[in-house]
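Participant: Taking the hints into account, I'd like the entire structure generated from these sequences.
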Amino acid sequence: MLFDMYVNVAFPFTLPALTYKVPENALPDIKGRIVKAPIMTGSHFGLVIDIVDKLEGLDKKHIKEIHEVYQRFANDSHISFLKWLSTYYLAPIGAVLKGCFFEHAVQATTKKKHDLKAFDKATISDVNPLDSLKPNLSMLCNAAREKKYQPFLLHAQSISYESKFIMDILRNIASDVRSIAILAPEIWQVERLSPMLREIFGERLCILHSKLTRNKIIEALNKIMTGESDVVLGTRSAILAPIKGLSFIAVTFEHSLSYKGEEGLRYNARDVAVMRGFIEKSCVLLSSAYPSVESVYNAKIGKYNSIIPSIDRSIEKRPKIKIADIKREKKSIISRDILKEAKYITSKGGRVVILVKREGYALLRCEDCDHIYRCERCNVPLVFHKISGITKCHYCGQEEKIPESCKECRGFNIKPFGAGTERIREEIANALKVEALIIEKGHKSRAVGRDSNAASFIIGTAYAARKLGDEKFDAAALLNIDSLLAQPDFRAYERAFQEVMQIAEMVKPEGTLYLQTWNPKNKILRFSKNYDFRSFYEYETTQRKILNYPPFSRIILFNVFTKKDSGKFLHEVQKIILDADLNGLEILGPVEAPSTLKSYKYCIQMLLKSNDRKLIHQKAETLLEKLRRLKGIKINVDVDPLKI
DNA sequence: AGCACGCCGACT
DNA sequence: GTCGGCGTGCTC
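Position in the first sequence (first residue = 1) + 195 = this note's numbering.
Keep in mind the hints are simulated off the structure, nothing from the lab.
A couple of the hints might just be wrong.
[Said to hold, decoys possible] Derived SDA-like pairs: lysine to any residue, alpha-carbon spacing no greater than 20 Å straight-line:
#: 1; residue 1: 439; residue 2: 660
#: 2; residue 1: 526; residue 2: 476
#: 3; residue 1: 838; residue 2: 750
#: 4; residue 1: 821; residue 2: 838
#: 5; residue 1: 231; residue 2: 252
#: 6; residue 1: 804; residue 2: 762
#: 7; residue 1: 256; residue 2: 236
#: 8; residue 1: 259; residue 2: 278
#: 9; residue 1: 636; residue 2: 660
#: 10; residue 1: 278; residue 2: 476
#: 11; residue 1: 718; residue 2: 681
#: 12; residue 1: 259; residue 2: 235
Facilitator: Below, the structure is given as structure tokens:
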């Protein structure tokens, strides 16, 4: 080599890339390779992400030399993708490297396990072409074949239709398309899909999610990097895996909140999938039986190609949804209509499920002064468990005895408030003389699965809805739809609607789902009742437009944690905001918020909002830079937050 | 991540 | 007086 060569190396920890000298004998294709480089007193594995041609503001004498060069981890497009993640989510490149299996890849290459099995090509099960192929469907398959960026949104009629559809497409392209990623929001959904995919792809398939053991992940990564596995099924992080030349990306249950991370690099795997598809030139399919408002909007403006299966009336048969007005009831916590139906169903030997939000019996409230009991430490309402006779903080787990008198007014008129699974069970026992089975997280899920099949009457939390899987009921009731609708979040209605649609799938087509509410006139309840997706999306889009929320605007949330006096700190932050010249942005806050971190006492929160996505990023970056200069603080940035 | 530097409590 | 606690900051 005639001249010295310099490169930027990223390390898998919160640190920007550093510049190193490339050793004389190294190969020129160093970009994208794993290297070992000195850092401070020790040495670490890193990734070469740039070839540097001009050394700016760096003294040559202070630049160290790379120790060793190893296997390739990423190609150019993957590196561009990682860099995009870093800029878009306002995180140092190291934070990205931490989340994308880099360290596992290092292990896989250093351990040099040469026990790779011979690559046996999967036997493709006989292709059964989609007879219902619409023009945009063949467009989808072709985009995957030709390897070009084309995003699609499938609005499926049901969950089972969604997976059937995806499997049909995969079967169709399996023999002539290489390199496929399939995402599911949660591990149990990955497990549900894996047998079907195994059947199609055989040994080509590998699975990637956080519950796998370290060694299993390393093994999977080895297969991905060698190309032995070119079909990856996994949860959110799988979209960051070093898969070469992705042709097709499927994001199932695209509306799911689980695609958004709440710690570390807070990326939304669904959005990231679209960007990865764009950078790597792949066909991207987002699918759901109840897609997010954002995705439906993107389809409407032509950003995504929309696939809406023709409505087949035989599939269309859906359970009736009825609204149970609890306002009419005198004392009961369950509506008469629901009790009547439940009695009828059980008398005929059918199955009923009642979904409640809360575990335990109820909250405790002083009837005299309306004071609700809260955990002293967490300020969360305490839950009263009648069977064990204690109160419990669901947040910190602290258990206590029932208070004798009200702390506020010293009164003795403490009454249960609201209803949890225990209280519903009691009510059912009283009214119908039926012993219901409770299914919830803590509740010693004694042989759920087989046992629950026998149980004709189930009371459960959201956890149960998941646990029960594909079991179908003759009737279901959702008791706390009001609290979902009342969430202080602009996506509350969207979530409530999706929740109803999801629970409707637990009910037999000829069965009934009851929504118990104080608010029978609520628009969302009406839309859900009629399965009226069109009106729902229209209404929701109009609301978002009026209030200038996503998809019409972009939001970035800042959380600044501090230990010192918050009032003074608030002023400092305000000054920085003024200083940062955030013209053109809407700024909400800064306001004080409860700190979610143990080691920091205070938290200052602010929200940046804008219709200009370039501007908001640019301004957020300068703001972040200025905030970082403050001492003794911790900053969390959340781009496109889901919970605000 | 790891390691150095730095400023306050118990102790050979 | 020191030893060492971990809070804060830096690494090409």
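Participant: Please go over all the hints and tell whether each is borne out by the structure.
Facilitator: Comparing the hints with the structure gives:
no.	hint	result
1	439 to 660	violated, 37 Å
2	526 to 476	violated, 61 Å
3	838 to 750	holds, 11 Å
4	821 to 838	violated, 25 Å
5	231 to 252	violated, 24 Å
6	804 to 762	violated, 24 Å
7	256 to 236	holds, 17 Å
8	259 to 278	violated, 23 Å
9	636 to 660	holds, 11 Å
10	278 to 476	holds, 17 Å
11	718 to 681	holds, 13 Å
12	259 to 235	holds, 10 Å
Consistency with the previously given hints fails for numbers 1, 2, 4, 5, 6, 8, ordered from lowest to highest.
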